[in-house]
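K.L.:
The chain contents come next:
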Amino acid sequence: MAILVIADHDNAALKPATLNAVAAAQKIGSDIHLLVAGQGAQGVAEAAAKVAGVSKVLLADDAAYKHHLPENVAPLVVGLAKGYGHVLAAATSEGKNLLPRVAALLDVAQISDILSVESADTFTRPIYAGNVIATVQSADPIKVVTVRTTAFEAAPAEGGSAPVETLAASAPSGKSTFVSQELTKSERPELTQAKIVVSGGRGMQSGENFKLLEALADTLGAAVGASRAAVDAGFVPNDYQVGQTGKIVAPELYIAVGISGAIQHLAGMKDSKVIVAINKDEEAPIFQVADYGLVADLFKAVPELTAELDKGR
Amino acid sequence: MKVLVPVKRVVDYNVKIRVKADGTGVETANVKMSMNPFDEIAVEEAVRLKEAGKASEIIVVSVGPAASQETLRTALAMGADRGVLVQTEAETQPLAVAKVLKALVDKEGPTLVILGKQAIDDDCNQTGQMLAALLGWPQGTFASKVVPGEGTVTVTREIDGGLETVELKLPAVVTADLRLNEPRYASLPNIMKAKKKPIDTVAPDALGVDVAPRLTTLKVAEPPKRKAGVKVADVAALVDKLKNEARVI
Ligand SMILES: Cc1cc2nc3c(=O)[nH]c(=O)nc-3n(C[C@H](O)[C@H](O)[C@H](O)COP(=O)(O)OP(=O)(O)OC[C@H]3O[C@@H](n4cnc5c(N)ncnc54)[C@H](O)[C@@H]3O)c2cc1C
Ligand SMILES: Nc1ncnc2c1ncn2[C@@H]1O[C@H](COP(=O)(O)O)[C@@H](O)[C@H]1O
Numbered sequence: 001m002a003i004l005v006i007a008d009h010d011n012a013a014l015k016p017a018t019l020n021a022v023a024a025a026q027k028i029g030s031d032i033h034l035l036v037a038g039q040g041a042q043g044v045a046e047a048a049a050k051v052a053g054v055s056k057v058l059l060a061d062d063a064a065y066k067h068h069l070p071e072n073v074a075p076l077v078v079g080l081a082k083g084y085g086h087v088l089a090a091a092t093s094e095g096k097n098l099l100p101r102v103a104a105l106l107d108v109a110q111i112s113d114i115l116s117v118e119s120a121d122t123f124t125r126p127i128y129a130g131n132v133i134a135t136v137q138s139a140d141p142i143k144v145v146t147v148r149t150t151a152f153e154a155a156p157a158e159g160g161s162a163p164v165e166t167l168a169a170s171a172p173s174g175k176s177t178f179v180s181q182e183l184t185k186s187e188r189p190e191l192t193q194a195k196i197v198v199s200g201g202r203g204m205q206s207g208e209n210f211k212l213l214e215a216l217a218d219t220l221g222a223a224v225g226a227s228r229a230a231v232d233a234g235f236v237p238n239d240y241q242v243g244q245t246g247k248i249v250a251p252e253l254y255i256a257v258g259i260s261g262a263i264q265h266l267a268g269m270k271d272s273k274v275i276v277a278i279n280k281d282e283e284a285p286i287f288q289v290a291d292y293g294l295v296a297d298l299f300k301a302v303p304e305l306t307a308e309l310d311k312g313r
Numbered sequence: 314m315k316v317l318v319p320v321k322r323v324v325d326y327n328v329k330i331r332v333k334a335d336g337t338g339v340e341t342a343n344v345k346m347s348m349n350p351f352d353e354i355a356v357e358e359a360v361r362l363k364e365a366g367k368a369s370e371i372i373v374v375s376v377g378p379a380a381s382q383e384t385l386r387t388a389l390a391m392g393a394d395r396g397v398l399v400q401t402e403a404e405t406q407p408l409a410v411a412k413v414l415k416a417l418v419d420k421e422g423p424t425l426v427i428l429g430k431q432a433i434d435d436d437c438n439q440t441g442q443m444l445a446a447l448l449g450w451p452q453g454t455f456a457s458k459v460v461p462g463e464g465t466v467t468v469t470r471e472i473d474g475g476l477e478t479v480e481l482k483l484p485a486v487v488t489a490d491l492r493l494n495e496p497r498y499a500s501l502p503n504i505m506k507a508k509k510k511p512i513d514t515v516a517p518d519a520l521g522v523d524v525a526p527r528l529t530t531l532k533v534a535e536p537p538k539r540k541a542g543v544k545v546a547d548v549a550a551l552v553d554k555l556k557n558e559a560r561v562i
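Here the protein sequences line up with chains A and B, keeping their order. Start counting the first sequence at 1; every next residue gets the next number (my numbering). Start counting the second sequence at 314; every next residue gets the next number (my numbering).
Calculated from the structure, these hints are not laboratory results. Check the hints yourself; a few may be wrong.
If you want the footprint, here are the derived chain B segments under chain A, 3+ residues with CB under 8 Å [to be verified]: (1) 532-540; (2) 546-555.
Calculated cross-link-like contacts (lysine-lysine; reagent style DSS-like; alpha-carbon spacing at most 27 Å) [unchecked claim]: (3) B:K556 x A:K311; (4) B:K532 x A:K270; (5) B:K329 x B:K556; (6) A:K66 x B:K315; (7) A:K195 x B:K540; (8) B:K510 x B:K315; (9) B:K363 x B:K420; (10) A:K273 x B:K540; (11) B:K482 x A:K270; (12) A:K27 x B:K363; (13) B:K315 x B:K420; (14) A:K195 x A:K270.
Just so we're clear, the structure is a prediction, and the values are computed from it rather than from any experiment. Positions of the beta carbon are idealized from the N, C-alpha and C atoms, including for glycine.
Produce the entire structure from the sequences given, and follow the hints as far as they go.
P.N.:
Here it is, written out as structure tokens:
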């Protein structure tokens with residue numbers, strides 16, 4: 001049976017997380033349909049059609065889908081789902097918001113955050129902040145699954161030429177309305193896609209001091225992340241949080257600065273290829289996962305590091 | 314308006330999790346258990362709504378073994394009015410919990426249900442969305458701000474790119490994120506008072522809900538351990554390692 005993947009997009013561009021979800025779908029089967037629900041999302045559908053491995057794009061373009069309100073999008077997906085063996089989405093804030101709603105309407109379980117596809121009905125997924133990996137099997141007729149993007153290498157964005165089929169829209173639920181969005185603006189790469197991430201914790205002491213990390217990040221072409229403590233203290237916006245209940249990242253290089261290394265933080269970054277920790281406490285648990293640990297005062301070490309790297313450019 | 318808050322009893326977030334030797338599950342014998350941290354935030358939000366005169370009664374619900382009484386008592390000590398224990402020894406998966414909660418919502422008639430966004434044991438992040446679906450209610454997930462209005466509730470949500478605000482028609486489901494509030498500690502007098510607050514116990518059957526799991530856990534295992542690396546003497550040594558050994562910059 002075919003696999004339905006829900007595209008993550010902002011009506012203007014297809015989000016890269018979609019490519020990871022398509023990659024997961026390819027581990028299950030080869031007839032992959034990508035649903036683009038949005039408004040003015042023709043361009044997204046065209047991009048979706050080019051994704052390697054996608055055999056059909058379904059475009060539902062209507063005001064009801066503009067803000068991806070799950071009250072409106074879930075019935076659309078449910079209407080389509082009967083024809084599919086699997087419904088997948090990336091485990092982004094949109095995927096997590098939508099797919100459980102879809103699953104419940106289909107009276108099936110939802111499988112969150114899969115790390116691997118063992119077979120068409122069996123998946124692995126992290127539990128207990130990634131301290132345990134469970135292998136779960138579903139007996140449901142339709143498997144509704146969210147995909148941990150860092151666990152699947154993205155499908156190529158180019159190479160496909162799928163046909164685009166236009167779907168009729170259903171009426172909006174009228175139960176929810178979009179009011180506003182406050183998106184964090186940044187010139188830096190997106191946290192979950194960046195090759196290098198520089199994260200700061202409570203040790204940074206203030207939002208102002210994050211400038212030190214931003215300078216380092218800009219030298220490296222990196223994204224900036226944070227621990228929960230730094231977000232809770234208001235140093236940086238919520239979307240910087242890396243961890244069990246924040247974003248999951250797995251860059252080539254992760255630099256943790258003034259972060260102790262609580263399991264909830266490690267859950268979000270311990271699959272990074274190389275981990276560097278800068279912390280003045282040599283007993284900090286972050287050093288147990290760091291490839292390179294520097295026991296130092298960050299206020300001295302970070303500017304030094306930025307200067308040293310700048311020298312080489 | 315009545316507010317219903319589901320609270321789950323989970324392994325405390327500070328406990329180092331151990332997988333049972335036979336790979337069938339996680340060691341829970343003699344392990345500290347607590348209320349799921351997100352549910353503390355949900356209870357706190359409900360209590361604040363009551364203190365602000367916006368909520369009339371707070372009902373807390375837990376689905377799980379008899380010991381979940383303790384979790385309900387904690388919520389009562391924080392300020393909830395009464396508890397319902399839906400007692401089962403079965404593993405509680407989100408769809409089953411959502412069905413139990415729907416049955417209770419049908420019975421109790423709350424205007425708002427506030428759940429945690431995620432249980433820190435199964436890390437599912439599903440139950441609130443599922444409950445909203447089953448009820449046909451709107452959902453405000455990952456909430457960092459909840460403002461009830463006339464027949465509506467305005468919810469600010471933590472999303473990947475920042476914040477989003479939606480307005481939901483009541484009745485509605487909200488799930489609490491970390492920044493919604495800072496939960497209080499129950500004071501001793503309130504803990505004493507909570508002992509007298511009522512807790513009803515019902516069986517899932519009595520609610521007409523089949524809680525049998527849909528997913529079978531074939532096995533659980535520890536992930537590959539990451540080895541600690543080396544400590545470097547100074548920034549110059551670090552840069553050298555990153556360039557010449559790890560080759561990541
Ligand atoms: C339900 C729940 C969910 C959670 N989810 C997450 C999550 O998703 N992500 C997350 O990160 N956390 C999460 N947490 C919180 C987590 O448990 C920790 O509290 C948090 O990660 C600690 O952040 P921190 O390391 O910045 O702060 P701390 O633990 O306070 O560590 C600060 C570190 O900075 C060092 N330091 C201080 N000054 C300096 C200096 N001048 N130079 C060098 N080093 C210095 C200190 O030695 C210390 O190690 C969650 C907790 C709960 C209960
Ligand atoms: N067994 C349970 N009893 C009561 N509430 C629960 C239970 N399981 C989940 N919940 C609620 O649903 C939220 C999300 O859980 P989950 O979908 O499992 O991550 C939790 O924060 C609780 O508010």
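K.L.:
Against this structure, judge whether each hint is valid.
P.N.:
Verification of the supplied hints:
With 6 residues having a Cβ less than 8 Å from any Cβ of chain A, the region 532-540 of chain B passes the three-residue criterion, so the hint holds. Counting residues of the region 546-555 of chain B whose CB lies closer than 8 Å to any CB of chain A gives 7, so the stated coverage by that chain holds, three being the minimum. With a C-alpha separation of about 13 Å, the suggested pairing of K556 (chain B) with K311 (chain A) holds against the 27 Å cut-off. The straight-line distance between the Cα atoms of K532 (chain B) and K270 (chain A) is roughly 22 Å, inside the 27 Å bound, and the hint therefore holds.
For the suggested pair K329 (chain B) and K556 (chain B), the alpha carbons sit about 35 Å apart, so the restraint of at most 27 Å is broken. Among the hinted pairs, K66 (chain A) with K315 (chain B) is inconsistent with the structure: their alpha-carbon atoms are about 33 Å apart, more than 27 Å. At most 27 Å may separate the alpha-carbon atoms for a hinted pair to count; K195 (chain A) and K540 (chain B) meet this at roughly 21 Å. Taken as a hint, the K510 (chain B) and K315 (chain B) pair is honoured in the structure, with Cα atoms around 17 Å apart against an allowance of 27 Å.
At roughly 21 Å between alpha-carbon atoms, K363 (chain B) and K420 (chain B) fall within 27 Å of each other, so this suggested pair holds. Simply put, K273 (chain A) and K540 (chain B) have alpha-carbon atoms about 12 Å apart, close enough for the 27 Å limit, and the pair holds. For the proposed pair K482 (chain B) and K270 (chain A), the alpha carbon gap of about 41 Å is over 27 Å, so the pair is violated. Restraint check for K27 (chain A) and K363 (chain B): not satisfied, since their Cα atoms lie roughly 50 Å apart, outside the 27 Å limit.
For a cut-off of 27 Å, the pair hint linking K315 (chain B) to K420 (chain B) stands: about 12 Å separates their Cα positions. With a CA separation close to 14 Å, the supplied pair K195 (chain A) and K270 (chain A) stays within the 27 Å bound.
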